[in-house]
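**Student:** Chains V and A are the protein sequences, given in the same order. Per our numbering, residue 35 is the first one in the first sequence, and the count goes up by one each step. Per our numbering, residue 35 is the first one in the second sequence, and the count goes up by one each step.
Please note that the accuracy of each hint is not assured.
Any copy will do: because identical chains look the same in the list, a pair fits if it lies in one copy or spans two.
Within a straight-line C-alpha distance of at most 30 Å, the following computed DSSO-like cross-link-like pairs (lysine-lysine) qualify [what the hints assert, rightly or not]:
# : residue 1 : residue 2
1 : 175       : 186
2 : 200       : 321
3 : 122       : 218
4 : 321       : 175
5 : 175       : 375
6 : 69        : 120
7 : 362       : 89
Source of the hints: derived by calculation from the structure; they are not laboratory data.
2 protein chains.
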Amino acid sequence: MAVIHVPSPVDFHVHLRQGQLCSVVTPHVRKGGFKAAYVMPNLKPPITTTEQALKYKQELQNNDPETEYLMTLYLSPDLNPDEVRKAKRAGIMGVKSYPRGVTTNSDGGIESYEPYYPVFEAMQEVGLVLNLHGEVPSDDKTNACVLNAEEKFLPHLFSLHTRFPKLKIVLEHATSRAAVEAVKSLGSTVACTITPHHLAMTVDDWAGQGYHYCKPVAKYPDDREALRQVIRDGHPRFFLGSDSAPHPSLAKSTSTPSQSCAAGIYTSPILLPLTAHLLESFGALDKLANFVGEFGRRFYGLDMSTGNPIVTLREVEGHGVTIQESWKCGEDSLVPFMAGKRIRWEIV
Amino acid sequence: MAVIHVPSPVDFHVHLRQGQLCSVVTPHVRKGGFKAAYVMPNLKPPITTTEQALKYKQELQNNDPETEYLMTLYLSPDLNPDEVRKAKRAGIMGVKSYPRGVTTNSDGGIESYEPYYPVFEAMQEVGLVLNLHGEVPSDDKTNACVLNAEEKFLPHLFSLHTRFPKLKIVLEHATSRAAVEAVKSLGSTVACTITPHHLAMTVDDWAGQGYHYCKPVAKYPDDREALRQVIRDGHPRFFLGSDSAPHPSLAKSTSTPSQSCAAGIYTSPILLPLTAHLLESFGALDKLANFVGEFGRRFYGLDMSTGNPIVTLREVEGHGVTIQESWKCGEDSLVPFMAGKRIRWEIV
Chain V
35 MAVIHVPSPV DFHVHLRQGQ LCSVVTPHVR KGGFKAAYVM PNLKPPITTT
85 EQALKYKQEL QNNDPETEYL MTLYLSPDLN PDEVRKAKRA GIMGVKSYPR
135 GVTTNSDGGI ESYEPYYPVF EAMQEVGLVL NLHGEVPSDD KTNACVLNAE
185 EKFLPHLFSL HTRFPKLKIV LEHATSRAAV EAVKSLGSTV ACTITPHHLA
235 MTVDDWAGQG YHYCKPVAKY PDDREALRQV IRDGHPRFFL GSDSAPHPSL
285 AKSTSTPSQS CAAGIYTSPI LLPLTAHLLE SFGALDKLAN FVGEFGRRFY
335 GLDMSTGNPI VTLREVEGHG VTIQESWKCG EDSLVPFMAG KRIRWEIV
Chain A
35 MAVIHVPSPV DFHVHLRQGQ LCSVVTPHVR KGGFKAAYVM PNLKPPITTT
85 EQALKYKQEL QNNDPETEYL MTLYLSPDLN PDEVRKAKRA GIMGVKSYPR
135 GVTTNSDGGI ESYEPYYPVF EAMQEVGLVL NLHGEVPSDD KTNACVLNAE
185 EKFLPHLFSL HTRFPKLKIV LEHATSRAAV EAVKSLGSTV ACTITPHHLA
235 MTVDDWAGQG YHYCKPVAKY PDDREALRQV IRDGHPRFFL GSDSAPHPSL
285 AKSTSTPSQS CAAGIYTSPI LLPLTAHLLE SFGALDKLAN FVGEFGRRFY
335 GLDMSTGNPI VTLREVEGHG VTIQESWKCG EDSLVPFMAG KRIRWEIV
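Generate the whole structure from the sequences, applying the supplied hints.
**Tutor:** Rendered as C-alpha cells:
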C-alpha cells in the first residue's frame, strides 16, 4: 500500500469567513491535512488594518488554536506606508488586492494601482507580499468578460513587477495558459497559486452547475492543461492556494431571476487527499510535497520545521474513499467539491 | 405614441414540448405575437417519422388550433429517402440535426453526417430544409468545450453546403462572430436563426445563473456584437428563431452536486415585444418586421399572406411594461426571460 509523506503543507489561499461559518470551517483546515493557512481578508467589513487582522486572528485561534494563521490585509485607501510597517511588525504577511466587483465581498476593491505605489514601496521595503486577484472587471466596450478577465489583467502584473522588481507578488488562483506563461516569464519575486478545482474543471463543468461556479471561472481544456503541466514540470513558483470559499448550500445550489448563485468552491476539509488524487490523475503525484508545501514556504521565506509535523497520506484500496456529502452549518450545510465522489487517497 | 406593424411574424425555432408542459406553452406562441411556429422535434422519444410528426401536430392543434405549426423530423437512422419524400408530401418542412449529447434530449443525436448523405440528397431534391444544431461535443483532446463548440462545428457546415449546394440549410441559434461570418460567406441556400436572449446576454449573464443557462451558451461581448450588427445590417439570411425552451422553474433554478440546471430559456409568451425591445436597444428597431417575418418566410418560401394578419406593437409610455414573473404549470411554474424586468413595447 503506497504512502506519501508531506512535510508541513500550507494552504496559501483560504477563506475562513466570519461568525458561525468561521467556527465550522476553521477546524476544517486541519481536517484537510493542513496546519498552516494564508487567510484572505475579504470579510464584511474587509480587514484593512493591523488591529482588525489581529482581532480576526484571535477569532480563528478561538475556533482552532492548533492551526497557524498567516494574516493579510485588504488593499484599500485605509492602507498607508505607516500601516504597512505596523502590519509587518505584527507578523502580517501580505496585502490582498481585489479589483472592484469581481468576486465575493469585493465592492471595496481597487480601480487603479497608481494611488497605491507608496504602499507598494513600503511593502517592498519591509517584505510584505502583494497577493493579486488578477481579473479586470467586465466591460462590453473592450470585450472583457469572465473568460478573459484574467488574461486582460496580466499587463497590470507586468507593470507592477517592472516598477517594484523586489516586491514579492503572487498572482492568485491562476486559471489560464496566458497567466501561467506570464508568471513563468517574470522574475523570482513573482509566484502563482493554483487551486485544486481549477486542475479538475473546465467551463463545461460550471455551465448550469452552481456548485462548480467560482471566480475566476474555470476556462478552456487547454488552460487547464497549462496548469497541470506547470505542476508536472515542478516549477518552483507555482504552488497550492486552495481558494476554498464556503457558502451555504442554498446559496450555491439556487438562483432566482434576480440573484445568481454564490461564487466559490469548498475544499478545505478534503484538501490534501483531493490534491493528491488530482495530481495523480495527471501524472504529477511525485510533485505533491513540493506543490503543497516546499515551494510556497520557500517563496514566502517561511521556516515551519517546528510545529508542523509531516502529514502522511495512504492509498485507499479498491474503489477509494467517498467524499462526505456535506457538513452541517447552522440550519444549512456546506457541500464540498466532488461531494459523494471517490478519491484514492486519505490522511493516515 | 409610436406603433409598429409587423406582417405575419414567424418563430422559426421553438420547443413546444409534450403533455402538460405542451398544453401550457403552445398557446403562448400566439400570446407572444406569433401565429406560426417552426416546431422542434426533440421530444422523448424524438419525432423521427412523418406519422409521429402528424400526431404531434394534432396535439399542438388541440392545444391551440389558431396557430400554424411548421413541422420537422429529428435526423436519425430511422430517416431514409422514402421517408423524406413521404414527409414532404405530408407538409413537413425540415429535418433537425442534433450532434449527440449537446443539449436537451439529444442522446440520439448524430455523430457523423456521411451516413446521411442519401437522406440529404432526397431532402435537396424535394425541398426539405436541414436545420443544424451547430455544436460539436466537448472533447478535452481537441480543446473543444461549450465556448468553441459552435466555431468548431463550422467546417461541417461548409462541407455540407459544398456537397449539397441546393439544399437549404439553417444554422440554428448562432452565438458567435465566427458563425455569423461563416453564414454570410456562404451561398443563398444557407441561413441562420438568432434568438433574442443571445442578443441580450454574454457569458457573464449565465455564470452562476441557471435561468440564463442555455445551449449554445452565450459567448463573448464581441460575439454578441456580431449578432447585433448583422441584424442592423438587415442581412436577409439572418432571422428570428426564439429557441424558446421552457423548463419548470425548479429545474432552471436549482442544481445538486450530481445534477446541473436544465438548459433553455423561455421567451414564447413575450417574444415579439421582447424582440422589439432588444432590437431598439442596439439601434435595429427598423429591421424588426424583416427580422421576425419577411426574411425567414422568404428563405423558407412560405406564403402566409392569408390567415396571418398584421400584428401591431405600441410603445409603452413612461417606464415600460413589466414582464410577468411566471406562468403556472402544474405544481411548478415557467419563468420567462427577463421576468420582472420592464420592456418598452407591447402588443395592441
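**Student:** Against each hint, give a clear statement of whether it holds in the structure.
**Tutor:** Here is what the structure says about each hint:
For the homomeric pair residue 175 and residue 186, the shortest alpha-carbon distances inside one copy (13 Å) and between copies (26 Å) are both at most 30 Å. In the homo-oligomer, the alpha carbons of residue 200 and residue 321 lie at most 30 Å apart inside one protomer (27 Å), although the nearest pairing across protomers, at 58 Å, exceeds that limit. With identical chains, the CA atoms of residue 122 and residue 218 are at most 30 Å apart within one copy only, with a shortest distance of 28 Å there and 61 Å across copies. For the identical chains of this complex, residue 321 and residue 175 are inter-copy neighbours only, at 24 Å across copies versus 42 Å inside a copy, given an alpha-carbon limit of 30 Å.
Taking CA atoms no more than 30 Å apart as the test, residue 175 paired with residue 375 passes between copies only; the shortest distance there is 24 Å, against 42 Å inside one copy. Proximity of residue 69 and residue 120 under a CA criterion of 30 Å is satisfied intra-copy only: 26 Å inside one chain copy versus 72 Å between copies. Taking the shortest Cα distances, residue 362 and residue 89 sit within 30 Å of each other inside one copy (26 Å), while across copies they are farther apart (51 Å).
Checked against the numbered hints listed earlier, the structure breaks none of them; every hint is satisfied.
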